[in-house]
Structure formats: C-alpha cells, structure tokens
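In the order they appear, the protein sequences are chains A and B.
Taking the numbering used here, the leading residue of the first sequence gets 0, the next gets one more, and so forth.
Taking the numbering used here, the leading residue of the second sequence gets 51, the next gets one more, and so forth.
FYI, nobody ran anything at the bench for these hints, they're computed from the structure.
Below, simulated EDC-like cross-link-like pairs (lysine to aspartate or glutamate); rule was C-alpha separation at most 20 Å, straight line: (1) A:172 x A:117; (2) A:172 x A:123; (3) A:223 x A:233; (4) A:133 x B:139; (5) A:65 x B:139; (6) A:223 x A:196; (7) A:78 x A:36; (8) A:78 x A:179; (9) A:78 x B:139; (10) A:171 x A:120; (11) A:113 x A:153; (12) A:113 x A:126; (13) A:133 x B:73; (14) A:65 x B:149; (15) A:65 x B:300; (16) A:133 x A:95; (17) A:74 x A:41; (18) A:39 x A:75; (19) A:209 x A:32; (20) B:70 x A:95; (21) A:74 x A:153.
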Amino acid sequence: MFHVYQSQRTLFRIASSVIQGKRLARSLWALRDVTFEIRKGDKIAVIGRNGAGKTTLFRVAAGIYKPTSGRIQQKENVKSLFRYGLGLNAQLSVLDNIYLMGAYYGMLVAEVRKKLDEILDFSELEEFLYAPVKHLSSGQVQRLCFSVFIQSRESFMAFDESTSMADLRFQKKVGMFFDDLFRSDQTLLLASHNLSDLAARCRHAIWLEKGGLQAYGPTAEVIKGYQDFCDQYEAESTEQVRDEAGQQKLER
Amino acid sequence: MTQLRQRLNLLYVLMVMHLKASDYRSLFGILWSFIGPALTFAVLYFIFIDRMGRQIPLFPIKLLTGVVTLYFFMSVVNITNTALSQRRDIVINSTTPTEILIFSALIVPATKFFVELSLCALLAAWHKVLIPAHLPLMAVTAAVFLFMSVGVGLLLEVLSTFASDVQEIWNRITPIFYFATPIFYGLEMLSQWGRQIVFWANPITPFLLSFRFLLLGERPQFEPVPVLILGPVYAVLFFGFGYFWFKKIERVMVQQL
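Turn these sequences into a full structure, and let the hints guide you.
Right, dumping it as structure tokens:
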C-alpha cells in the first residue's frame with residue numbers, strides 16, 4: 000500500500016492538517032489479493048496495462064518493497080533488471096562503470112575482471128573502454144548495462160519490460176541470449192508488452208489489472224483474455240468519446 | 051557469507067568510484083577542493099586577528115581547526131541528508147542496503163577532513179606544540195564526529211520524508227553555525243549565557259574543543275564536563291536516535307522517493 004499525497008508536503012501544511020484533522024494522503028493499494036506460485040524452472044509472463052502493478056510485483060519479489068500485508072515465501076533470491084543504467088556514473092569511464100554495475104549486481108571485483116572480455120565482446124564497446132559514459136549514445140549505454148547484467152546470472156531472474164534493444168544487430172544477440180535462458184532450467188519472470196514474444200516463450204502468464212490478479216494460467220488463454228479486455232476497453236472509450244462529441248454538437 | 055562479501059565489495063567499489071568522480075582525480079582537483087575552507091580561513095583570519103586573534107594563543111591553528119571541522123560537519127550532514135533522494139534510481143530498483151549508499155558517499159569528505167586535520171597537526175608540530183601521543187585519539191574522535199554528523203543527517207533525512215521543505219530550512223539555518231561555534235572566538239570571551247548555549251546546544255562545540263585539545267594540549271578554559279566525554283555522548287544520542295528512526299521508517303521513505 001502506498002500513500003499518495005495530493006499536494007507537496009510542507010511543515011506548514013502538515014501542521015495545518017494536524018490542527019484541522021484532515022488527511023494529507025490517500026491510501027493506494029498497488030497490489031492486492033495477489034496469490035500465485037512459481038515453481039523452479041518456470042517461465043512466467045506478466046502482462047497488464049500501465050499502472051496495473053507489474054513493476055510493484057517485481058519489486059516485492061526482489062525484496063525492494065516489503066508487503067504491507069500478506070507474505071512471500073521464496074527459496075531463491077530474485078535478480079531483477081528493471082531499467083538500464085542502474086547506478087551508472089556518466090562522469091566515469093566505461094571500464095569503471097563495468098566494475099560499478101557489476102558490484103551492484105553482486106559480482107566481486109575479481110569476477111568482473113575475469114568476465115571483462117566477455118562483457119566487452121557482447122557489448123562491442125572495446126574501443127570506448129576509457130571514454131566517459133556520458134559520451135555514449137543511449138543505445139550503447141543499453142548494450143553496456145545489459146552485457147554486465149547477464150554476467151551475473153542467478154537461478155531466478157526477472158526482466159521488467161527490459162528486453163527491447165535499440166539496434167537490430169544487438170537485438171539479435173539479446174534474442175539469442177533469451178533463447179538460451181528459456182531453454183535453461185532457470186526460473187524466469189518476464190514483463191513485456193510484446194505479447195507474441197511472451198506467447199512464444201512462456202508457458203504460464205499472470206495478468207494484473209488495477210493491482211489485482213485478473214488471471215493466472217496458460218499463456219495463450221491469459222493473453223486472449225487480456226486482448227479481449229483491451230479491445231472492449233478501447234471500444235467503450237471510443238464510444239464514450241463519440242457520445243461526448245455528439246453531446247457537444249447538440250449543445251451548440 | 052557470500053552476501054556479506056558482495057556487500058563489502060560494493061562498499062569498496064562505490065568508495066573508489068566516489069573518489070574517482072570527485073575532485074580527487076587530479077592534483078589540481080585536490081587543491082581546488084581546499085579553496086573553500088582556505089578562503090573562509092583567510093577572510094576570518096584577516097577580519098578577527100586584531101579584535102580577537104591577539105587574545106587567543108595559536109590563533110591560526112585554532113581558526114583552521116574550527117573552519118575544517120565545521121566544513122566537514124556540513125558536508126557530511128548534506129551528503130547523508132540527500133543520499134537516498136539523489137540515488138532514487140538505485141534505491142527503488144535494487145536491494146542495495148541504504149547504509150552502503152550513505153557511507154560510501156562519505157569517503158570524499160572523510161578523506162578531505164583527514165588531510166585537513168593532518169595539515170593542522172603539521173602546523174602544530176611547526177609551532178612545537180603537537181603531542182604525537184594524542185594523534186591516535188584524534189583519529190578516534192574524528193570517527194566519532196563522523197557518526198554524530200551522520201546521525202544529524204539521518205534525522206534530517208527522516209524529517210524530509212514528511213515535509214519537503216526541511217532541507218530548505220536546514221540550508222537557511224546552517225550559516226548560524228559559523229557564529230554559534232567557537233571558530234574565531236574563545237568560549238571564555240562570551241557572556242555566561244552565551245557560553246552555556248554554545249557549549250551545550252551546539253553538538254559541534256565539544257568536538258572542536260576536543261580536536262584543539264588533542265592537537266595543542268590546551269584544555270578549554272570553560273569545560274563544565276570533559277569535552278572528550280561529551281562528544282561521544284552526543285554521537286551516541288544523535289546517531290542512535292537518527293539511525294533507529296531512519297530504519298523504522300525506511301520502508302515508507304523508499305516508497306516516497
């Protein structure tokens with residue numbers, strides 16, 4: 000549960016709300032009544048509209064957010080990739096940032112040193128090794144970050160809408176990496192808006208809607224339900240817009 | 051065990067990267083980072099040398115100790131206070147312990163303070179008043195002072211979670227410390243009330259007096275309780291209370307970022 004504030008909190012507003020007995024914040028359940036089980040080796044797709052609670056679910060699974068109520072029973076730590084450039088320092092060189100991100104992802108200095116060639120091979124950034132990261136393009140930064148992240152493999156990994164890559168050549172490499180990953184016995188949790196990709200790779204899917212569990216089951220069925228829901232929602236929205244436009248014309 | 055190793059490794063790597071990203075990457079950078087305290091020292095020295103300086107033995111060393119102590123306190127409080135909000139991305143997207151983020155960032159002011167105190171010690175040695183046996187105790191006092199300053203920063207960080215203008219208010223009131231800390235005057239020069247307020251209500255005072263005592267071997271003229279004891283008491287209170295409160299609402303803080 001989150002507290003959402005209607006205005007910026009200042010000492011004056013807090014004092015005034017205490018005196019008047021008014022609440023400055025309203026409660027918002029980002030996730031509620033969500034129960035599911037993931038077995039070792041499962042590849043689970045997580046789908047839902049923006050704001051449905053996917054990222055919150057990943058953060059709870061990774062142990063970043065503690066649930067307000069309920070519990071999570073985990074036998075393995077979850078390694079999550081939420082976004083590229085985690086902890087990146089734009090002033091420092093590519094080499095320094097490899098060590099920095101490696102440390103964030105739990106790799107020791109010696110391990111990073113051993114895997115340095117692999118990281119540079121995968122990211123294709125050898126010639127920029129001593130260049131400050133601020134001089135790289137956003138696509139190159141993505142390549143760098145992804146290349147470091149994949150070196151710190153864990154038996155349970157989660158990717159939150161982080162599988163799309165800038166250039167086609169690198170997308171192919173990433174695709175091959177994911178093919179390997181999906182063939183392995185690693186447990187995977189994958190959130191994406193690329194439904195065909197999820198349908199091809201995952202056996203089961205979780206569909207979240209407004210913080211609640213809408214469906215959990217075979218990927219094809221869940222995606223079908225989600226697509227129908229989205230189509231219906233869009234049709235209703237279009238109809239509503241038309242009605243409003245018609246009403247405005249009549250009023251004129 | 052593996053997790054402990056990973057965390058110590060992260061702390062080490064972050065410290066190295068903070069130093070690399072700071073002014074410390076070059077000799078000129080290091081010199082540049084001393085410009086602030088050096089200018090403050092120069093201005094205060096030339097303004098107060100005639101009025102107060104002549105009455106205070108070893109005035110330049112005492113003034114320099116005061117300036118560097120205050121600068122250190124302010125930078126540690128500022129870094130601690132903004133440690134999470136400036137690293138929002140890491141806090142909400144990884145399980146990195148917040149303590150690592152805070153303490154790793156303190157390596158820069160801590161290194162600078164070490165160099166500055168060493169400079170004060172060199173000046174004391176040049177004046178033939180340095181007591182080398184006091185130096186280890188001085189290092190301990192500096193570490194305790196660091197914890198006290200972190201405690202103040204954590205308290206402000208917690209308050210900032212509830213009210214966003216706390217940081218702004220703190221920025222406005224920090225210049226008061228230039229006058230409320232006996233940097234360019236001695237406590238004995240103040241009125242009875244002024245002396246009591248500056249000694250008891252300002253947590254920097256016992257540390258500054260401790261540093262001066264350890265450097266110059268000169269006990270403060272006004273010392274209702276030994277400053278070497280009062281400093282650690284303040285550190286336990288501020289750090290204990292600040293850290294306890296910080297951990298207690300850490301979950302809310304992370305969600306508010």
